[in-house]
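Going down the list, the protein sequences come from chains L and R. End of the first sequence = 217 in the working numbering, gap-free, step of one. End of the second sequence = 281 in the working numbering, gap-free, step of one.
Certain hints may be false.
[As the list claims (entries may be wrong)] Calculated pairs, BS3-like style, for lysine-lysine (alpha carbon to alpha carbon, straight line, at most 25 angstroms):
{"hint": "1", "chain 1": "R", "residue 1": "Lys150", "chain 2": "R", "residue 2": "Lys126"}
{"hint": "2", "chain 1": "L", "residue 1": "Lys157", "chain 2": "L", "residue 2": "Lys48"}
{"hint": "3", "chain 1": "R", "residue 1": "Lys109", "chain 2": "R", "residue 2": "Lys94"}
{"hint": "4", "chain 1": "R", "residue 1": "Lys149", "chain 2": "L", "residue 2": "Lys130"}
{"hint": "5", "chain 1": "R", "residue 1": "Lys215", "chain 2": "L", "residue 2": "Lys134"}
{"hint": "6", "chain 1": "R", "residue 1": "Lys126", "chain 2": "R", "residue 2": "Lys108"}
{"hint": "7", "chain 1": "R", "residue 1": "Lys108", "chain 2": "R", "residue 2": "Lys149"}
{"hint": "8", "chain 1": "L", "residue 1": "Lys212", "chain 2": "R", "residue 2": "Lys108"}
{"hint": "9", "chain 1": "R", "residue 1": "Lys150", "chain 2": "R", "residue 2": "Lys140"}
{"hint": "10", "chain 1": "R", "residue 1": "Lys102", "chain 2": "L", "residue 2": "Lys48"}
{"hint": "11", "chain 1": "R", "residue 1": "Lys36", "chain 2": "R", "residue 2": "Lys102"}
{"hint": "12", "chain 1": "R", "residue 1": "Lys42", "chain 2": "R", "residue 2": "Lys265"}
{"hint": "13", "chain 1": "L", "residue 1": "Lys134", "chain 2": "R", "residue 2": "Lys140"}
{"hint": "14", "chain 1": "R", "residue 1": "Lys42", "chain 2": "R", "residue 2": "Lys94"}
{"hint": "15", "chain 1": "R", "residue 1": "Lys108", "chain 2": "R", "residue 2": "Lys140"}
{"hint": "16", "chain 1": "L", "residue 1": "Lys134", "chain 2": "R", "residue 2": "Lys214"}
{"hint": "17", "chain 1": "R", "residue 1": "Lys150", "chain 2": "L", "residue 2": "Lys134"}
{"hint": "18", "chain 1": "L", "residue 1": "Lys134", "chain 2": "R", "residue 2": "Lys149"}
{"hint": "19", "chain 1": "R", "residue 1": "Lys265", "chain 2": "R", "residue 2": "Lys215"}
{"hint": "20", "chain 1": "R", "residue 1": "Lys150", "chain 2": "R", "residue 2": "Lys215"}
{"hint": "21", "chain 1": "R", "residue 1": "Lys21", "chain 2": "R", "residue 2": "Lys36"}
{"hint": "22", "chain 1": "L", "residue 1": "Lys48", "chain 2": "R", "residue 2": "Lys109"}
{"hint": "23", "chain 1": "R", "residue 1": "Lys215", "chain 2": "R", "residue 2": "Lys149"}
{"hint": "24", "chain 1": "R", "residue 1": "Lys102", "chain 2": "R", "residue 2": "Lys140"}
{"hint": "25", "chain 1": "R", "residue 1": "Lys150", "chain 2": "R", "residue 2": "Lys214"}
{"hint": "26", "chain 1": "L", "residue 1": "Lys134", "chain 2": "L", "residue 2": "Lys212"}
{"hint": "27", "chain 1": "R", "residue 1": "Lys36", "chain 2": "L", "residue 2": "Lys134"}
{"hint": "28", "chain 1": "R", "residue 1": "Lys215", "chain 2": "L", "residue 2": "Lys130"}
{"hint": "29", "chain 1": "R", "residue 1": "Lys265", "chain 2": "L", "residue 2": "Lys130"}
{"hint": "30", "chain 1": "R", "residue 1": "Lys94", "chain 2": "R", "residue 2": "Lys108"}
{"hint": "31", "chain 1": "L", "residue 1": "Lys130", "chain 2": "R", "residue 2": "Lys126"}
{"hint": "32", "chain 1": "L", "residue 1": "Lys134", "chain 2": "R", "residue 2": "Lys42"}
{"hint": "33", "chain 1": "R", "residue 1": "Lys36", "chain 2": "R", "residue 2": "Lys94"}
{"hint": "34", "chain 1": "L", "residue 1": "Lys130", "chain 2": "R", "residue 2": "Lys102"}
{"hint": "35", "chain 1": "L", "residue 1": "Lys172", "chain 2": "L", "residue 2": "Lys157"}
{"hint": "36", "chain 1": "L", "residue 1": "Lys130", "chain 2": "R", "residue 2": "Lys109"}
{"hint": "37", "chain 1": "R", "residue 1": "Lys21", "chain 2": "L", "residue 2": "Lys130"}
{"hint": "38", "chain 1": "R", "residue 1": "Lys94", "chain 2": "R", "residue 2": "Lys126"}
{"hint": "39", "chain 1": "R", "residue 1": "Lys126", "chain 2": "R", "residue 2": "Lys140"}
By construction, these hints were calculated from the structure, which means they are not laboratory data. Everything numeric in this text was worked out from a predicted model, so none of it was measured.
One letter stands for each residue in the lines below.
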Amino acid sequence: MDFINNTLAVFPALIGAVPVVLQLALGAMALALVLGLLVALARISNFKILRAISTVYVEVLRGTPLLVQLVYIFFVLPSVGVEIEPIPAGILGLGLNYAAYLSEVFRSAILSVEHGQTEAALSLGYTPNKTLWKVVIPQSFVVSMGPIGNYFIAMIKDTALASVIAVTEILKTANILNSQTFQTTAIYTAAALLYLIISLPLSRIVIVLERKARAIG
Amino acid sequence: MAENTVISIQDVHKTYVLSSKPSFWARITGRTQAEKRLEVLKGVDLDIHRGETVVILGSSGSGKSTLLRCINKLETIEGGRIYVNGHLIGYEEKDGQLVAEKPSLTAKKRTDIGFVFQHFNLFLNKTALGNVMAPLRDVKGLSAADARKKALPNLEMVGLGDRAENFPSRLSGGQKQRVAIARALAMEPSVMLFDEPTSALDPELVGEVLSVIKKIAQQGTTMAIVTHEMQFAREIADRIVIMDQGVIVEQGHPEAIFTNPQHPKTRALLKRSGIVPPQDK
Ligand SMILES: Nc1ncnc2c1ncn2[C@@H]1O[C@H](COP(=O)(O)OP(=O)(O)O)[C@@H](O)[C@H]1O
Ligand SMILES: [Mg+2]
Chain L
1 MDFINNTLAV
11 FPALIGAVPV
21 VLQLALGAMA
31 LALVLGLLVA
41 LARISNFKIL
51 RAISTVYVEV
61 LRGTPLLVQL
71 VYIFFVLPSV
81 GVEIEPIPAG
91 ILGLGLNYAA
101 YLSEVFRSAI
111 LSVEHGQTEA
121 ALSLGYTPNK
131 TLWKVVIPQS
141 FVVSMGPIGN
151 YFIAMIKDTA
161 LASVIAVTEI
171 LKTANILNSQ
181 TFQTTAIYTA
191 AALLYLIISL
201 PLSRIVIVLE
211 RKARAIG
Chain R
1 MAENTVISIQ
11 DVHKTYVLSS
21 KPSFWARITG
31 RTQAEKRLEV
41 LKGVDLDIHR
51 GETVVILGSS
61 GSGKSTLLRC
71 INKLETIEGG
81 RIYVNGHLIG
91 YEEKDGQLVA
101 EKPSLTAKKR
111 TDIGFVFQHF
121 NLFLNKTALG
131 NVMAPLRDVK
141 GLSAADARKK
151 ALPNLEMVGL
161 GDRAENFPSR
171 LSGGQKQRVA
181 IARALAMEPS
191 VMLFDEPTSA
201 LDPELVGEVL
211 SVIKKIAQQG
221 TTMAIVTHEM
231 QFAREIADRI
241 VIMDQGVIVE
251 QGHPEAIFTN
261 PQHPKTRALL
271 KRSGIVPPQD
281 K
């Protein structure tokens with residue numbers, strides 16, 4: 001009983017960190033969506049240089065740990081004169097990393113749009129550019145909805161990594177509380193539960209979105 | 001070119017290059033394999049006049065789809081010229097040579113050519129009405145209200161006014177094809193091209209699409225139709241064109257073609273459809 005009461009007692013202090021988590025996740029997701037789409041377009045473009053640069057980008061960001069990338073942005077960049085505040089640094093690190101993964105989602109979604117859709121658009125007088133932006137990309141978003149949602153949930157959990165670059169999100173708040181009260185079990189159980197409380201409803205939403213997308217396709 | 005010519009196809013040649021990727025064996029032996037080429041159109045000439053309905057018949061693989069697709073530059077050609085309303089399609093002529101034109105110019109010319117595909121190709125993420133409105137908004141730049149005003153009568157014309165809010169996944173094949181026809185017509189093209197519009201349909205849905213096409217023909221729309229529906233061809237066509245192996249082998253008034261075919265390929269084609277010309281009886 002004590003354990004449950006202690007755990008509940010920690011919640012108010014941890015909930016204060018939720019806005020920081022949302023700020024990180026929403027900011028990074030916005031960056032990842034825009035950059036991910038641009039990288040995907042570069043990877044399927046006609047220009048060899050764009051294809052090469054974007055391929056290297058994806059390989060480097062997927063091939064090194066996110067934790068290392070965050071540390072690099074926050075601790076290494078200042079040595080070349082680029083100093084970034086903790087939260088913007090977290091958004092940048094998470095966003096750049098997830099952009100690499102999302103670009104793969106977008107790329108395969110774009111390529112999965114039936115050629116007949118493109119031909120219909122062209123036959124109606126859409127230019128190649130308009131065909132891409134008005135017909136192919138909107139449809140690829142329908143296909144991408146589920147994977148994007150799942151990456152968003154993963155990102156919420158990955159915001160915990162930002163604790164190492166001085167962002168006072170949930171884990172860091174828990175660390176601070178722990179050093180003050182030593183109620184280790186209660187504090188970290190509460191922290192874990194808090195992540196679960198945020199991500200469970202989101203996974204339900206993703207399932208609904210995926211079902212909707214299937215109904216259209 | 002005559003005043004009333006809408007489409008003028010002049011000596012068009014089209015070759016598909018097959019498998020440009022060398023085979024495994026060609027790669028390890030270092031021997032380059034001959035590029036496989038398939039000449040599909042071998043010099044086609046055809047004029048289609050304003051208000052005319054031309055039906056193109058021919059056995060599978062004779063080049064009918066390719067010919068239609070060349071007319072709105074879904075395929076490139078290596079030789080000849082295609083004019084729609086006097087505009088050279090897909091190319092600019094420089095010192096007698098064809099040079100590819102800017103894609104945006106081709107797009108503009110395509111707005112004047114309606115194309116109906118065998119597999120409908122409706123935009124899957126849009127409702128029936130959304131499909132008809134989309135090119136009006138995206139290509140013609142109409143406001144949502146104006147696009148809707150123009151789209152609805154076209155949906156009603158194909159008998160689908162009550163299905164405006166349905167997504168393609170909720171429509172039958174026949175209904176999808178009718179939406180596709182409405183979508184093309186709403187752009188007010190000067191010619192409509194149909195590539196086997198009923199071949200992907202269950203037999204009981206063929207009739208509803210054919211009667212819509214007939215209705216459009218009666219409104220005086222210029223049309224070229226590829227089909228295997230012989231009875232329909234006979235009823236609707238002002239002229240029937242027979243293609244075989246990339247050339248036009250015979251053309252004429254439907255009654256002449258059906259009762260007095262001249263070319264052996266025409267006879268064979270009719271015979272395969274169960275039509276025996278009188279003199280063969
Ligand atoms: N994209 C393509 N690439 C290679 N060959 C093709 C392609 N499209 C059609 N062909 C070939 O060209 C020939 C003519 O095809 P098509 O115009 O579709 O004939 P039809 O519509 O009369 O049945 C066929 O032999 C077909 O296999
Ligand atoms: Mg065909």
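A quick look at each hint next to the structure:
no.	hint	in the structure
1	R:Lys150 / R:Lys126	17 angstroms, holds
2	L:Lys157 / L:Lys48	36 angstroms, violated
3	R:Lys109 / R:Lys94	19 angstroms, holds
4	R:Lys149 / L:Lys130	23 angstroms, holds
5	R:Lys215 / L:Lys134	31 angstroms, violated
6	R:Lys126 / R:Lys108	23 angstroms, holds
7	R:Lys108 / R:Lys149	23 angstroms, holds
8	L:Lys212 / R:Lys108	35 angstroms, violated
9	R:Lys150 / R:Lys140	12 angstroms, holds
10	R:Lys102 / L:Lys48	21 angstroms, holds
11	R:Lys36 / R:Lys102	29 angstroms, violated
12	R:Lys42 / R:Lys265	17 angstroms, holds
13	L:Lys134 / R:Lys140	13 angstroms, holds
14	R:Lys42 / R:Lys94	23 angstroms, holds
15	R:Lys108 / R:Lys140	10 angstroms, holds
16	L:Lys134 / R:Lys214	32 angstroms, violated
17	R:Lys150 / L:Lys134	20 angstroms, holds
18	L:Lys134 / R:Lys149	21 angstroms, holds
19	R:Lys265 / R:Lys215	31 angstroms, violated
20	R:Lys150 / R:Lys215	19 angstroms, holds
21	R:Lys21 / R:Lys36	10 angstroms, holds
22	L:Lys48 / R:Lys109	31 angstroms, violated
23	R:Lys215 / R:Lys149	21 angstroms, holds
24	R:Lys102 / R:Lys140	19 angstroms, holds
25	R:Lys150 / R:Lys214	21 angstroms, holds
26	L:Lys134 / L:Lys212	20 angstroms, holds
27	R:Lys36 / L:Lys134	36 angstroms, violated
28	R:Lys215 / L:Lys130	32 angstroms, violated
29	R:Lys265 / L:Lys130	43 angstroms, violated
30	R:Lys94 / R:Lys108	20 angstroms, holds
31	L:Lys130 / R:Lys126	16 angstroms, holds
32	L:Lys134 / R:Lys42	37 angstroms, violated
33	R:Lys36 / R:Lys94	30 angstroms, violated
34	L:Lys130 / R:Lys102	14 angstroms, holds
35	L:Lys172 / L:Lys157	13 angstroms, holds
36	L:Lys130 / R:Lys109	15 angstroms, holds
37	R:Lys21 / L:Lys130	31 angstroms, violated
38	R:Lys94 / R:Lys126	42 angstroms, violated
39	R:Lys126 / R:Lys140	18 angstroms, holds
Of the numbered hints given earlier, the model fails hints 2, 5, 8, 11, 16, 19, 22, 27, 28, 29, 32, 33, 37, 38; all others are met.
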